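Protein sequence lines, in the order shown, are assigned to chains A and B. Okay, so the first sequence: first residue is 1 according to the numbering used here, each after it adds one. Okay, so the second sequence: first residue is 1 according to the numbering used here, each after it adds one.
Errors might be hidden in some of the hints.
[What the hints assert, rightly or not] Residues from chain B that face chain A, not an exhaustive set, calculated with beta carbons under 8 Å: (1) ILE242; (2) ASN245; (3) GLU310; (4) GLU314; (5) ILE317; (6) ALA320; (7) GLY322; (8) ALA323; (9) ARG324; (10) LEU329; (11) PRO400.
[As the list claims (entries may be wrong)] Interface residues of chain A toward chain B, partial, derived using beta-carbon atoms under 7 Å: (12) MET53; (13) ASN54; (14) ASP80; (15) ALA81; (16) ARG86; (17) GLY87; (18) LEU100; (19) TYR115.
[Claimed, not checked] What the simulated footprint calls covered on chain A by chain B, stretch by stretch (three residues with Cβ under 8 Å from a Cβ of chain B suffice, anywhere in the stretch; the number is not a length): (20) 14-24; (21) 88-96.
Just so you know, the hints here were simulated from the structure itself, not pulled from any lab data. Please read these numbers as outputs of a predicted model, since none were measured by experiment. Positions of the beta carbon are idealized from the N, C-alpha and C atoms, including for glycine.
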Amino acid sequence: MRDTPVITIRHLYKDYPTPAGSFPVLKDVNLSIYPGEFVAIMGPSGSGKSTFMNILGCLDRPTSGDYELSGKNIARLDKDATAKLRGQTLGFVFQGFNLLPRMSLEDNVALPLVYSDVPKTERQTRARQLLDKVGLAQYAASLPSRISGGQQQRVAIARALVNRPGLILADEPTGNLDSHTSEEIMTLFTSLNREGITIILVTHEPDIALHAGRQVRFRDGVIVQDMPTGCNHEEELAGAAP
Amino acid sequence: MMFTGMFHEAWSAMGANRLRTALTMLGMVIGVGAVVLMMAIGQGAQNAVKESIDSMGSNLFVVLSGSSMTGGVRSGSGNAPSLTTADAEAIGELPGIAASAPTHMGMAQLVHGSLNWNTTVYGVTPSYLDVRSWPIVAGDNFTESDLRSATRVALIGQSAAENLFAGEDPVGKTLRIGQAPFQILGVLGRKGQSLDGRDQDDLLIVPLTTAQRKLFGTPFQGSVRSIMVRVERAEVMPQVEIAINALLRQRHHLREGQENDFSVRDLTAIAESAAETTRVMSLLLGAIASVSLIVGGIGIMNIMLVSVTERTREIGIRMAIGAREIDVLTQFLLEAILISIAGCLIGLMLGVGSAVLIHLSTGVPIVISGSSAIVAFLVAAATGIFFGYYPARKAARLDPIEALRYQ
């Protein structure tokens, strides 16, 4: 296919301890994602997609199996190293936007740079550039509460981009937005993907997943479907819709 | 994470909930204020005691002659004619003695013009002023030749001078004791009250021989009532006391088992016990004040714990975008330290302010030292670190997934 994968998952298991014994959430997941892909991860609640996403984001560790991110095996890194990886290799976009309410939009966008020791003037320049890119430069000094949800999500995307990561992980980024705004956000993701950024998106909305080039479907902790977006997907999705 | 960035973060976090920050600080303010105030008062008391010790002269012994017995009636110490000028000279030869001054004193009515005043007259040698570390502020001391020829000259204390000369300069003036005229050679510096409240400045000093021959008389030639001895260093005082006892017993031909016809008293012992008492008092005050500092520290810990819980989601976000444990730890620790230091500064000003106020309104002596300010400052920083560490560590150890889910 293409060159080396940015993400390689092999025989990944994740169990959660419960009073009744350990409960398997992910069972033998194998997946490779290549640079420049736009992947939608789908599945009903409890299918394990959120856990999978947390592991991809280095927020959680697998019980067993290998996860290689940009050639590094995550299981062998300590906490500080994974924190650095999160800050510099990955960008997160959350369903609830997760901007810090006390900070101006510019400071919010610049925050990841604070943790990677970028000097203040450069932090400001890069934050302004990205706010400009998502079309919100005029609100740079405002607090998050002053702008709409769609605008907040665009700021969150700017924040995810500020460390120039190769990979963006978006967990239900349109879950709190109306369909029109969702469409705008997805257009933004598509254009970022065209610039070469790999995007992995968790969603349970079929029409959101249509923007992705590849759809991976989870059910009960295993991947039940992995196919490019294209012919006859509509039947599949219709069948899967609740 | 860079320090200026963290500082800014901590500052804005403190500004986010001003009332709470102010209340947290209040604990530190009261704690530090109390410590500073108590230290100022304690030090003031210590200084006052030290001053009165210094005014008496340091490392002093007084050798008193014994009591006499006439027909079964015993007089008090200092009345028996047992000590002599020669004894004083012999004591002066002992090793470790800085100076010894024989004293012969009594009460006399002083007259100058229309004013008169009853005071104690001390007959001493010129070295007496050295022994007492007593300066002359106007005029001069009398000399050895005055002593040899028993001239009628005198030095006058401040209180006696005020009562007798009423604002005039006494130097060169003449006063009378009975019918005998005395010329004032000099005025002594002010010593103030002694530890027992006696006015040390109410006195007249004349040459020893003048007192012996022309004022009070003596049972025999050269007899004195007491000898003041100043020792070179405080450490040798016990040895010197033993040496004086041995020397005088030998000079007075006292046999083994016979009682001393004199007594040696350590004047600094009383003063030192007074100093010790005030030292313990100020320590006690400091200890009580420190308790409020600890309470203030616990207040900080309490609020920081609440703050960590409230900001769980924020911590999760920060971790997701690359904050390491140490970054979160320093952020919260810095916040606690900033609150403590700000509280400390305000407390310092408040403590100094109220100390000054107390001094002005009640006259209680106070001492505000730079070292107590520095100590208070360090204690505040240490309190911030000590009581801020646990909440900060709790924040740093949060699981990012749990923290992000927290509503």
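Hints versus structure:
1. ILE242: violated, 71 Å
2. ASN245: Violated. Min distance 76 Å.
3. GLU310: Hint violated; B/GLU310 Cβ to chain A Cβ min 12 Å, cut 8 Å.
4. GLU314: holds, 6 Å
5. ILE317: holds, 5 Å
6. ALA320: Constraint on B/ALA320 satisfied, holds at 5 Å.
7. GLY322: holds, 2 Å
8. ALA323: Constraint on B/ALA323 satisfied, holds at 5 Å.
9. ARG324: holds, 4 Å
10. LEU329: violated, 12 Å
11. PRO400: At about 5 Å, which falls below the 8 Å cut-off, the nearest Cβ of chain A leaves the hint on B/PRO400 intact, so it holds.
12. MET53: With Cβ-Cβ at 10 Å, over 7 Å, it is violated.
13. ASN54: holds, 5 Å
14. ASP80: Constraint on A/ASP80 satisfied, holds at 5 Å.
15. ALA81: Hint on A/ALA81: violated, closest Cβ of chain B at ~9 Å, above 7 Å.
16. ARG86: holds, 5 Å
17. GLY87: holds, 2 Å
18. LEU100: Interface hint status for A/LEU100: holds (6 Å vs cutoff 7 Å).
19. TYR115: Hint holds; A/TYR115 Cβ to chain B Cβ min 4 Å, cut 7 Å.
20. 14-24: violated (count 0)
21. 88-96: holds (count 3)
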